[in-house]
Structures are given as C-alpha cells and as structure tokens.
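Protein chains in written order, with our numbering: chain V, 139 to 732; chain Z, 21 to 430; chain B, 60 to 319.
It cannot be assumed that every hint is accurate.
Stated by the list, open to error - In silico negatives: residues of chain B with every beta carbon more than 12 Å from chain Z: (1) 132; (2) 182; (3) 291.
What the hints assert, rightly or not - Covered stretches of chain B, as calculated for chain V (at least 3 residues, CB under 8 Å): (4) 172 to 180; (5) 227 to 241; (6) 250 to 258.
No lab work stands behind these hints, which were simulated from the structure alone.
Heads up, the beta-carbon is just placed ideally off N, CA and C, and yes, glycines get one too.
Given next are the chains, with one letter for each unit.
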Amino acid sequence: MRHKPPVDAVICGFGATGVLVAEALTRAGLSIVALERGPMLNTAPDFQPSVMQDELRFQNRHGLMVQPRLSTQTFRHNASETALPIRRVGAWQIGLGVGGSAVHWAGQCFRYSPNEFRLRSQFEHQYGPGIFPQDMTSQDWAVTYDELEPYYDRFEKLLGVSGQAGNIKGRLIEGGNPFEGPRSDEYPNPPLARVKATRMFDKAAREMGLSPYPCPAAQASRPYTNPLGVRMGPCTFCGFCSGYGCGNYSKSSPQTSVLPVVLQRSGLELRTLSVATHILMSGKGKDRRAKGVVYVDAQNEEWVQPAEMVFVCAFTMDNVHLLLVSSAGTAYDPVSGTGQIGRNYAFQIWGYANFLFKERFNPFIGAGALGQIVDNYDCDNFDHAGPLVTGKPFVGGGYVALFQYGTPPIAGSSFGSGETAVWGAELKRKIREEYHHVQQVQSMGANQSYRDVFLDLDPTYKDSFGRPLLRVTYDIKPNDHRMSNFLVDRCVEIGRAMGGTLLDRNSRKGPFDVTVFQTTHNCGGTIQSATPDKGAVNKFGQMWEVPNIFVYGASQFPQNAGRNPTDTVGATTLFGLDEVTRRYLPSPAPLVDA
Amino acid sequence: MLLGLAASLAAALLLLPDRSKSDTIDTAQIERGRYIARLGDCRSCHTAQGGALLAGGLGIVTPFGIIYSANITPDVATGIGSWTKDDFWNAMHSGIRKDGAHLYPAMPYPWFTKMPRTDVDALKTYLDTIPPARYTPPENDLWLPLRARVSVAGWNLLFFDKGVFKTDPAKSAEWNRGAYIVEGPGHCGACHTPANLLGGPERDRLYEGQSIQNWWAPNLTGRSAYGVATWSKEDVVDYLKDGRNDHAVASGPMALAIQNSTQHMTDADRAAIAAYLKDPPVGTREEGDSPRVSEAGIDSMGGKAIFRDNCSACHGADGEGVPRLIADLRKSGVVNAPDPVGVLHAILAGAQGNVTHGAPQRPTMPPFAWKFDDRQIAAVAAYVRQNFGNHAPSVSDSEVADLRETLGLE
Amino acid sequence: MAPTSHSSPPKIEELEPRWRLTRRTILRGLAFVVAAVGLPRFGSAIARAIAPPTLQPIGPLEFFTDAEYAFVAAASARFVPANDTGPGALEADAPRYIDRKLAAPGGGAAAWYMDGPFEPGMPTQGWQVDLTPAALYRRTIPQMNNAAKNLYGADFKDLSAANQDALLTAMQKKELDADSIHASLFFATLLNDTIEGLMSDPLYGGNKDFIGWKMIGFPGVRYNWLPWLDHEGEPIDLPIVGMYGTAESYGARMRKGTGP
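Isolated chain V, as found in the complex (with noise of 0.2 Å):
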C-alpha cells in the first residue's frame, strides 16, 4: 500500500457534510483530502434538462444512486432471521458522486420542533415514563433547538430556501407554522407559488380548524445570491424533481450552494471516484486514534491518507459502516445493550391515503417541496393522551401534507403489487381516467428507536473490497404502528374534507418490506449523546472513543422525527464545525469531557 503526504484533515463523503466541512476547514486554513466514491456531478452538463427528465433511468434504474453492486447492505426483520443481501436499490436510495443524496432529494427543508431534541424529557413530563415501551430506547438530543438555531439560520441562507416563517422571535406570522420554533428571521426567498392541489388542501385544513403552511422548499422561488456568493435562478416545476439533479440552478444542492467557492479554495484536494475502505486506527483506551484513511481509487490501487483529524461524512448507513469495520469505537450489542456504533438505528414511517376527485390537476408539473403542511400532528402538538387518540397513547407524530411533486407516468401507471398488482383492463382504465384526478394527501412520521433495531456487520455476505456489508435488524414495532395509524386517519379526514373519494390507504405496519421505496432518511447508528455511555458521538459530532474522529450526518440522530431531516444535518453539522474551528483546531482534545 503506498503511502499519500499527510494532510491536516481527510473527509470520508463529498456530499451534503462533506462540503460544509470542506467549507469550514478550508477557511481555517487547513489542508485537506476529500475522498468521494462517485464522479464530479455538475449542474450543467450533468443534469442537463434534456437528460435528467428520464423516469426509467434516474428512478426504476437509479441512474444516480449507489447501486448494490457497489455498495448494499444486507436485511432481517429481527435477531431470529437470517439477513439476505439487498440485490437492487430498494426501501431507500443512497445518492452517489459528489453532492451525494443532497443532489436527489425533494428538497424539504424543515426543522425540527424544540420539543424533538428533548424528546424523551417531554413525552415522560407530559404522559408520565410508561408512554415508553420497555424496548423503546428514544432518548434526548445533546443538542437543543436554542443551539442550533443559528445553524438552521445559517443553513437555511446557503441553500436559499423559499418559505413561509411562523414564528419570528416569539411573534406568531399568519400563514407560517404556528408550531415552530423561534426563528431568527425570515427565509431568504419567499414560498413557492402554489397548485390547485395545494391550494384545495390549504382551503380544507384551514376550515377544520388547521394551520396549513407551505412546505420549506430548497427550490429558490425568485434568483438568488447565497451568503458565500453562490447564484440560482428560479424553479420551473419541471416535475423531475425528487430523485434527479437539478438542471437549471433552481433545486439547491452542494452544487448550487456550497461547493463552487470551496473547489476554489486552496488547501482542498479532491479525490473522486475514490472509495475510502476503513480508517486507519492506531492505540487503545483514551489513546485510541485515527491516523488516516484507507481508499481505493479508480485504477483499483489502494493507498493510505495519513491525516491528523478523520471527518466521517457519508450516508447513515455508510458513516456506521465505516466505524464498524475499521474498529473505531465500540460495536453496539443488542443482548447486553452496551457499545455505541450501530445502536438506535431508525427510519421514517411514511404514510398516505390516496383520492380521487372530480376536478382535473396536471400531476406532472411539480417540485419535491411544493406542498402545503399541517403541524398539527407532529411530536407534541397534540394531546397524546386526548380524544383524538384512540387507543394506547403512543410516542411521536409527523407532518400531513399534500405535495405535487410531479408524477411521472411509469409510477402512475402502477398500482399495487405482488399478489394485489392492477393488470389487464382495469389497469388501463386506471391509467386512462386516474391519472390526472388523483391526489395523495401523506404523512412524514417519526420512527422511535428500540434495543433491537440495530446496525452491525453481516457475518457471511461481503462487498467488492472485501469487507462484511452492513447488517440492518430493523422492523416497525407496535407503538409507530398505532402512530401511523393515527396519522393516516388525519390524511383521509382532510382528503375527504378536499372532497376526494377515497382509493386506498397505507398506514405502516410490519413486516417491514425491504423492496419498497420509503424515503432515504435512515438515521442513528452513530448517536449523538450528552453522556458516553448514551451515544458514539457528542454534539458536536466527535466521537468519545475516539477523538480525532467527527461523524456528521443523520447517524447522529438518536431516533427520527416526523419530517425530512436535510436541515437538520446541516444545522448540526455547521454547529459542530464552530466548535471544531474554534477550540478543537488550537488545541485538540474532546471538546465535552467525558
């Protein structure tokens, strides 16, 4: 193995953390490696409207994802079965190449309620301990709202996103959330102009006594100029949003916000097509540290990075991954429930219920975060143990919403699968007289963490470099089950108060189905914590065990929240890179004592 000159700093990911911490370290002056597993992505020509607008290529075959053949982990519902490899790209879609998933997403920018970094604290004062199930390990943020505020300010200034505030500094705005925390100030760019569709859902929340609001979209709704000088220009709701690479500036990403000015930077080199196979690791007890990072790039040549700081900023499941097989920190153990990386694994409870109405939408015009909200439902903005609950209270909430994300016309021309799947006549019927009177009113739902939904290493099947894949031992338990529920009779009573006929609903129970797109906002695995003994990292993403190691990106998450978590892993991330920058690089050591 041959040997690079050593740097400052090695970033493990380019994408949505790995940029800002380019960003932030290259402004301290530091030298640094990036290494990144895909290829440079440019807006133009990469995501040319001419090329991007191709369902079957950037959706049924995932021209932009991490595909299994390159990277996958393997799937059990519990400890009792056995995982089996995920063969294709299925429940979520890891992005690859520069910019990473940031440049697929819908582009929902939310944060995150206060009462979600204290989650515990809350539900245990307001409905007493026994809300939580025996099993269920959701716990407190180490980071508060307060904190991070500026952060999600700050972040929200980069990507240029176009909303609608609701409360500024403790004065409540008409037409924002009523439920979120106080902001320092305005979205940049005003919301998103609006869709009969979006427009009939706040018509209808409204009249029910809801407090409808548009969505925090990442698509500028106006040309703008980000706070490092970086330019878009306005969305045209092409309706290939979600899923593909903006072509015209308009969708951020790390190609629109951050990455021009820091590819200018001197102190930066970039690595692509570069997969960083383990961290080198050096010591042991208090004395355990990174020394560098191993990678293999394009001509299958494995060299070692030697570097003083190790920054870990790829997706969930490959942040945990990269720990796990490099021994940088302690394996998690669902028996004995002690050791850090892989624990309170989550995912998203999505959930929706499906409508017909007689007036006509064009569903293929949209964008990823055209939509309007309602926060009613979400974390604690309701009374869990009120009518409204049916049944045993459970943990945690989401938002219902309605969105026109553009509906290209392979997915709508699928109905069903398996044994239910439509074909024959009816599925032309459906296809003929559905497709432009169907609106789906949805929920982004909370997932609690439990002791055993868990990440670890797959004892029998490996990747091309020869490593275990990762395991993922994750099912949906009883008490998101009943929150799913319940968030899905909200989505009927508003489709129904729209005056749509309801098709179907799907409210989340087990099996968990591994072959069906979800969402791509796994989180946990590399837990953020107050205390060591609660988490691998502490907020201000560096590891306890090991303290040159920074992990950034949604694994930080102790259990998932009821909506996207984009800015929040920025916001996180751009809070420990203050921390970094101003105490860790004079004078490195833990930044929270043990």
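Guided by the hints, dock chains Z and B onto chain V, whose structure is given.
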C-alpha cells in the same frame, strides 16, 4: 528549487546594466510591472495548460495554422532572460525579436505599440522576477508561405501603426486612461475589431465585433442597438469584474480574459474602460434591422417549440435569463451579431463562464449537439435571433453543419 | 475488486476538438485572423459524468427467440390490452423494450448485488434467486408454456384471452410456483417491464408513437411549466415530446430497421 534560484540569479546578473542605477530591486517597479502584465493578459496566451507560468507553448489556432506562444520567463537559454530592456521594447513597440526576426501579429504588438517605454520597462522588470522555466515551445505549424517571418514585414507596412498612445486633451483623464488600456495593453481590438481580408484591423470599424475562434467577439461600440451599447457604465464594470452582469454571462475566450486579466484590474481602471467604451471613438456604423423571416416561417421551422421545450427552463419563456447566472437573450450582442457563430457554438458545444473572487460559480450551458440535427439547431437559433426584440439574420442548416464539423462534434 | 459500475468521465483533453480544415474555416481563412486568444480549453469540451442518452434504431430481436417474443407479446397484450379505448402495450412495442433491456450486459442485473449464497428468504427481503432477469425470462417462459399445454392444451400465445388471463392469474397468485419455478416472480417482473416499456421514453424501444403517454395524458418531458402553473389543471395543448423531441423525430430515427 535551488536550481531555479541559481538560474534566477544568473538571469538577474545578465541584467546588471539595467539595474546599475540601483543596488536594490525596485519593488514598486515590480508591482507596477505585475499589474501591467495583468492589463495585457500575458498569461492567457503565454501559459500552456499544465505548463509553467508564462513559459509559453500554448498553441494559438489561426486559420493558417498553429502559432505557439513564446517562453517569456527569464530563463536565459529558452526564455527572454538574455533580453535587455531595449530588446524587449523593440518587441513590444515594433514587433521585432532580439534576433531581428519579425514577430507574427498573433503577438498583439500592433496594440502594445501604444504603451510608453516606462510601462514596457516596468513589465520587463516584473518578468525578470518570475521563476525561470527551461522550456522550448514547439515549432509553429504554419502554412508554407507564412513560415518565412519576413512575410510579416509587408503586413506591417500595410496595417501596423507604430506609435505610443497620445492623450486626447479634449477628453477627461478617466476617458484617456480607458482609451489607453483598451487600445494599448488591453488589446481589446485584437478580437473585437474586424479584420480585413489580410488580417489587418479595419480602422474604420473599430470594435464592431467579429468571429474569433468560432465564437463571436461582440460589438463594443456605443452606436449599436444591442449588447454593450445597451449597458450602463456599471454594467460594463460589473462584467469586467466578474464576467457577468444583469444581461450577459461571459463565455469562450472572453471568460478567460476576465479570469486572467480584467478581474484583477483596479475599480478605477474598469471604470475608465467603461467611460471610454460609452464615449466611443470615431468610425462606428449604425446597425440596421436585418431582413426577418416571417412569423409563420419561423414557426414552420420549429424553433419556437424547441426553445420552449429545451431552452426556456434556464433562459426564461421570454429569453430574459437569470441576472448574473444565465444570459439574457434580449438585445444580446452575441445573439444579434451578423454572424450566428456565437449562438451556434453555445448551442452545439455548450459554454462555460469564468470564476472570479466575487463570483465563485462557473456558469455553464450544456451542449445540445447530441440531441438536435442541423436543421433543428438552425431553427432554434433563428428563432432566438428574430424574437425577444432581436433582429439578426436567419441561420442556415449548412452554417450549423460547418461549425459542427469545425468543432469536431458528431 | 474495484468498483466498475461507474467509469471515470473523459478527460478534457480527450474531448478537445482538433483544429480541422473545413469549408467554413477556409472561407474564414481568407482573413488572417490573428486573435491571440481562444484556448482549446474553451473550445467545446465540457467534462461530464452523466452521458446523454443515445438513440439506437430498432432492428432484429436482440435477446428473445421468436418463441420467447411470442409469449411476451401475448402477455403484454393481456396486461394492457388494446380495446375500444385504444391501443395497448403490445401496440406500443413494450416487448421490444423488454428485449433490449434483457440484451444489455448483465441481463438487467448489471448493477445488482449477485454474490451468493442464495437463500429463499421472504418476499419482504426482495429478489433472492440466483438468476438475472434475462435468465429468469429464458428459464420461465418454457415452464409457463408447459403449464399452458398441460392446463389448456396449447402454448400460451395460442390460448384464448380468457385462458391466458387465467394462467396469468395463477402465476400472480403463486399457484404455479415450485422449487425451480419462479412463476410469481416472473409475473411481477414481466408486468413491471411491460409498464416500463409502455411508459418510458421511446428511445428505450417501447412507447411507440407515444402510445403510453397518450393513454395516461402525459404531455412529455418539458422542463419549464411555469407558464402553466396557474392553469387550474386544464388540459395543456402541446405536442408530446420525449428526450429526443416529437414523435416524428423518433419515428425517423428509431424504426429504420425491420421488426419481427
């Protein structure tokens, strides 16, 4: 490293006669020279991709073959380390090399001749401080009749107007400074002034624009109905600073000139250029409306639909673009050029802008040669050139075919 | 083994046009244009990792035998039938789309993880058979024709529509699954591929004349719907366009050769 230093010292020793007045290096003079090198954009031509700074070797493509730029580092054997300031003055002012041979006018001495001796000396002082690079550029690859450099003598007789810039007392100091930069070190006319059949600048059509390197260097004069003529002074300054303004985004050779030269100018110098361009010298002509293809004719070519389906997502339904990111096609100098080459080049091969300190993003247009045939590209180019208030001649399929072949595109 | 599912984008130098003598440059060459600018870098090469789609004319079958094609054609005609509301999946050439998909390297599984051991698993664990889609078609079509003969006395393609539907239903309901017979998996694959062939861009071989997109009411892959945002969902009167433009431009480029 040490070798380089030794060579540098050797170069400095050879220049002793010129330094005799002072024992110390004149840092003010070096800085002045460094700035003049930026004004003159030595780097864009004299630095090859991946090559040492100003070591030459970049192939400059002309219709008569390739001319390789010279090594102007202070290397004695391969650069201009052995040149005296007089030698350098002769090259810059008269187009004559140290060995007495003529320079090809690919080296813009017809513009540099306007520079006073003090500026040329400062430039040489600076050039003597850069790291010497031992590198001999390739031989020029020219058509036979032009290989004899003496052929340039006749050209000089016809078109070379030797002489230092003269201040116009009727104009402001700012205007004169702008005129000096544009006509002298900035050598704007090398691209923007049409060349006659023998390649000499058409002095009565200064800065009226021409096709260059398969791009269009637009009309800079104040009396056109399009492009720079429609810009404010602030627009000009903005463009020179960042390669973009509310109307246009630089691409092609100009993007490079902005990257390497104009973004490094002082605000005062950019303002001076704008002052000069907005109060132009004699010799410009009005541009009239070109004969239009009828509305029905344009529609039948299909350009309108192609524009709507492929171009409007970035350039806007009405061609308005996005200020400082995507070109406004309305009243654009390139779009309204008599020759569609700039528009066709961008559509066929795409276009890339520049990066500056103030504008870190490189605006890029993707190529469409892979998607459209010549007829379709001609149709959409014609549509753009005759809509949104534009009035330029239509475009033929064969013009597209020729450029496609020239650019080596399928 | 190093990752090979992606290739590095071409280097800028590789894409640079060489200066070539053409009619245009000869005409221009009359003027000794001495511009000292125009680096090759700014010529016409912009590096890209995501290649534009290529459009290859439909010719002879690329994967299926005639017998296999006949089976797939008959099935697609039942999945989305031609009837009084218009043509169906067969008329849209969905089977030709499937043929081309399976002919590609990897038989439709080039990007999949196909290392063993293979175990049956549960349906919620996804594809776990040691077969590429191409191999699944090749193996299962004769098995289903055998079933058709046993149950109804003829190859699938020669059955009545009602009997074809009955056999397809039996496949879907797992009634024909056995140790080495993956009838329900094949059914799901074939249905999915048929819908892809009906509704994907015509450059992939199906959706002929935009039959699929006309059926669903999809006006094509435009990138700017701003002018229609406040359209109240009313129909948009525009010709359908795919990645390569209108039906006419596909017709001219896609179907030069002879089909089956």
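For each hint, the structure was consulted:
With a least beta-carbon separation of about 31 Å from chain Z, residue 132 of chain B lies farther than 12 Å from that chain, consistent with its non-interface assignment. Chain Z leaves residue 182 of chain B outside its interface by the beta-carbon criterion, the shortest separation being 41 Å against a cut-off of 12 Å. With a cut of 12 Å on Cβ distances, residue 291 of chain B stays outside the contact zone with chain Z, its closest approach being about 19 Å. Restraint check on the segment 172 to 180 of chain B versus chain V: 6 residues with Cβ-Cβ distances below 8 Å, three needed, restraint holds.
Here the segment 227 to 241 of chain B counts 4 residues with a CB under 8 Å from a CB of chain V, which clears the bar of 3, and the coverage holds. Counting residues of the segment 250 to 258 of chain B whose beta carbon lies closer than 8 Å to any beta carbon of chain V gives 6, which meets the minimum of three for the stated coverage.
Violated hints for the displayed structure: none, as all numbered hints are satisfied.
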